[in-house]
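Novice: Fit chain B to the known structure of chain A by using the hints.
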Amino acid sequence: MAAKTNALKVTTPSDTEILLTREFDAPRDLVWKTITNPELLPQWWGPRGTTLVVREFDFRVGGGWSYLSKGADGEHPFKGEYREIVAPEKIVQTFIYDVPPFNEMVAVENMTLTERDGKTTLQTLVQHGSKEARDGHLQSGMEGGAGETMDRLEELLAKTA
Amino acid sequence: MHAFDVLGDPVRRRILELLADGERSAGEVSTVVQNEFGISQPAVSQHLRVLRESGFTSVRPVGARRLYAVDPIPLRQVDEWLEQFRRSWEESYERLDELLEGLKQKEGKEDGS
Numbered sequence: 021m022a023a024k025t026n027a028l029k030v031t032t033p034s035d036t037e038i039l040l041t042r043e044f045d046a047p048r049d050l051v052w053k054t055i056t057n058p059e060l061l062p063q064w065w066g067p068r069g070t071t072l073v074v075r076e077f078d079f080r081v082g083g084g085w086s087y088l089s090k091g092a093d094g095e096h097p098f099k100g101e102y103r104e105i106v107a108p109e110k111i112v113q114t115f116i117y118d119v120p121p122f123n124e125m126v127a128v129e130n131m132t133l134t135e136r137d138g139k140t141t142l143q144t145l146v147q148h149g150s151k152e153a154r155d156g157h158l159q160s161g162m163e164g165g166a167g168e169t170m171d172r173l174e175e176l177l178a179k180t181a
Numbered sequence: 002m003h004a005f006d007v008l009g010d011p012v013r014r015r016i017l018e019l020l021a022d023g024e025r026s027a028g029e030v031s032t033v034v035q036n037e038f039g040i041s042q043p044a045v046s047q048h049l050r051v052l053r054e055s056g057f058t059s060v061r062p063v064g065a066r067r068l069y070a071v072d073p074i075p076l077r078q079v080d081e082w083l084e085q086f087r088r089s090w091e092e093s094y095e096r097l098d099e100l101l102e103g104l105k106q107k108e109g110k111e112d113g114s
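Going line by line, the protein sequences match chains A and B.
Adding 20 to a residue's 1-based position in the first sequence gives its number in this note's numbering.
Adding 1 to a residue's 1-based position in the second sequence gives its number in this note's numbering.
Bound conformation, chain A alone:
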């Protein structure tokens, strides 16, 4: 058995972004075909113990997606719209947790797939916050953090515990 090298990496490249990086032991075409197949989505999307109902999967620019995730703690609806699709390397979509007041917040997910030695790295950049929030940032002159990982936060927490 190979050592577990495909751990999920979570970093915060800027004030309002989260970057998820994960490697998969499969060629990019297969990863692409799998994650863009609505029939396969219920087999992987969401934490273990949840079931997924794909209510809409209109996979084209301007098309919508809508999922209902059912778990022990109830039902969680998610939805969004495809903004950019470049097979087999890129998907940009909006992401909304469709429950008030959270559904006022629209996140943008930028997914990119890159292949190396038959393995595929999936990077998902989640951009949070409204345009107003971002503009507010720029005006207040605050610069984005420089790729700090959340490990720093954990170190901090360990200190204050």
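Mixed in with the good hints there might be a few duds.
[Claimed, not checked] Calculated cross-link-like contacts (lysine to any residue; reagent style SDA-like; alpha-carbon spacing at most 25 Å):
no., chain 1, residue 1, chain 2, residue 2
1, A, 29, B, 63
2, A, 29, B, 94
3, A, 53, A, 112
4, A, 90, A, 76
5, A, 99, A, 127
6, B, 105, A, 135
7, A, 99, B, 92
8, A, 110, A, 138
9, A, 99, B, 107
10, A, 53, A, 36
11, B, 107, A, 137
12, A, 53, B, 83
13, A, 99, B, 94
14, B, 110, A, 110
15, B, 110, A, 112
16, A, 29, A, 138
17, A, 99, B, 37
18, A, 29, B, 110
19, A, 110, A, 26
20, A, 110, B, 103
21, A, 29, B, 75
22, B, 107, A, 29
Hints listed in this document are in silico derivations from the structure and should not be mistaken for laboratory results.
Specialist: Chain B only, in chain A's frame:
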């Protein structure tokens, strides 16, 4: 301001690190941070104000000095949220691993016929 926006800034994270070692005066924090980041004293004051107003630090006056300390509660809330977020994705990706493994074998069989 959203907790992420508060913690996304390297100057504010550094200030929290300094305070994590124990209470410090605004003046002490300012001296260290001004040196490390090459920013002005009013800029540091602005960051201290953000941290104070967002509840990440508490402050108490001692004579003419204002002593800052970390309030760990909002930090812990952010950490819990992130942990939940990470766990949810980790489990999805593990399930995707398993699915891909099965699909690879299936494709291999079809190709190798």
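Novice: Hints broken by the structure, by number, lowest first?
Specialist: 1, 9, 10, 12, 14, 15, 17, 18 and 22
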